[in-house]
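Undergrad: Given next are the chains, with one letter for each unit.
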Amino acid sequence: DVKVTQSSRYLVKRTGEKVFLECVQDMDHENMFWYRQDPGLGLRLIYFSYDVKMKEKGDIPEGYSVSREKKERFSLILESASTNQTSMYLCASTLTSGGSYEQYFGPGTRLTVT
Amino acid sequence: GDSVTQMEGPVTLSEEAFLTINCTYTATGYPSLFWYVQYPGEGLQLLLKATKADDKGSNKGFEATYRKETTSFHLEKGSVQVSDSAVYFCALEGGYNKLIFGAGTRLAVHP
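Residue numbers (this note's numbering), protein chains in the order written: chain Z, 1 to 114; chain V, 1 to 111.
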């Protein structure tokens with residue numbers, strides 16, 4: 001079974017702090033994604049990566065950056081956390097081959113910025 | 001741009017009732033379509049998918065048919081259980097392996 005793990009289930013940070021959210025997948029997937037999930041808005045794509053050291057902006061990249069130094073690990077960075085970044089953050093991964101497009105999700109990190 | 005519209009929730013049903021959750025989409029071409037489910041406290045998991053027009057995806061008693069003439073992919077189940085209580089997301093493939101999600105529909109099933 002594919003496993004996607006996220007470093008924390010719950011996180012509380014203060015405004016202005018630098019925040020790191022880590023995601024690891026164990027199935028050698030090329031593509032990895034970071035979403036935020038907010039009530040009534042569904043999932044919105046922040047950044048994605050289709051290879052090591054490659055990154056692409058999603059729909060809402062402002063205030064975020066990412067790092068992918070190894071194929072299995074994709075980090076989301078909040079350079080200076082703000083209260084409007086309080087949200088559920090979900091990481092996902094997928095293969096590029098086979099046209100499946102099935103994304104495998106981690107359990108999520110609920111981040112509260114005070 | 002491409003988008004997905006789902007019926008607003010919450011949807012509240014009694015056990016063994018029939019379920020329909022509506023989903024319509026706007027897209028260029030004919031993208032693959034998906035339903036994902038999120039159980040409380042968990043990430044999303046794929047429920048079913050359809051890759052071309054008239055395809056029917058099915059899993060765990062849930063079904064959805066890809067209707068290109070109505071640009072719809074409605075989720076149905078004949079008899080829901082309490083364990084089906086979750087949030088359901090409709091999604092379409094948006095290129096580069098990206099998915100575009102609807103807002104989600106919360107389903108609550110009571111005994």
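Take these hints with a grain of salt, some might be off.
Stated by the list, open to error - Simulated coverage check for chain V against chain Z, where a stretch passes if three residues somewhere in it have a Cβ under 8 Å from a Cβ of chain Z:
no., region
1, 71 to 85
2, 92 to 99
3, 102 to 111
Keep in mind the hints are simulated off the structure, nothing from the lab.
For glycine and all other residues, C-beta sits at the position ideal for the given N, C-alpha and C.
Undergrad: Give a verdict on every hint.
TA: Do the hints match the structure? See the list:
1. 71 to 85: Violated: only 0 residues of the region 71 to 85 of chain V have a Cβ under 8 Å from chain Z.
2. 92 to 99: holds (count 5)
3. 102 to 111: holds (count 3)
Of the numbered hints listed earlier, the single one contradicted by the structure is hint 1.
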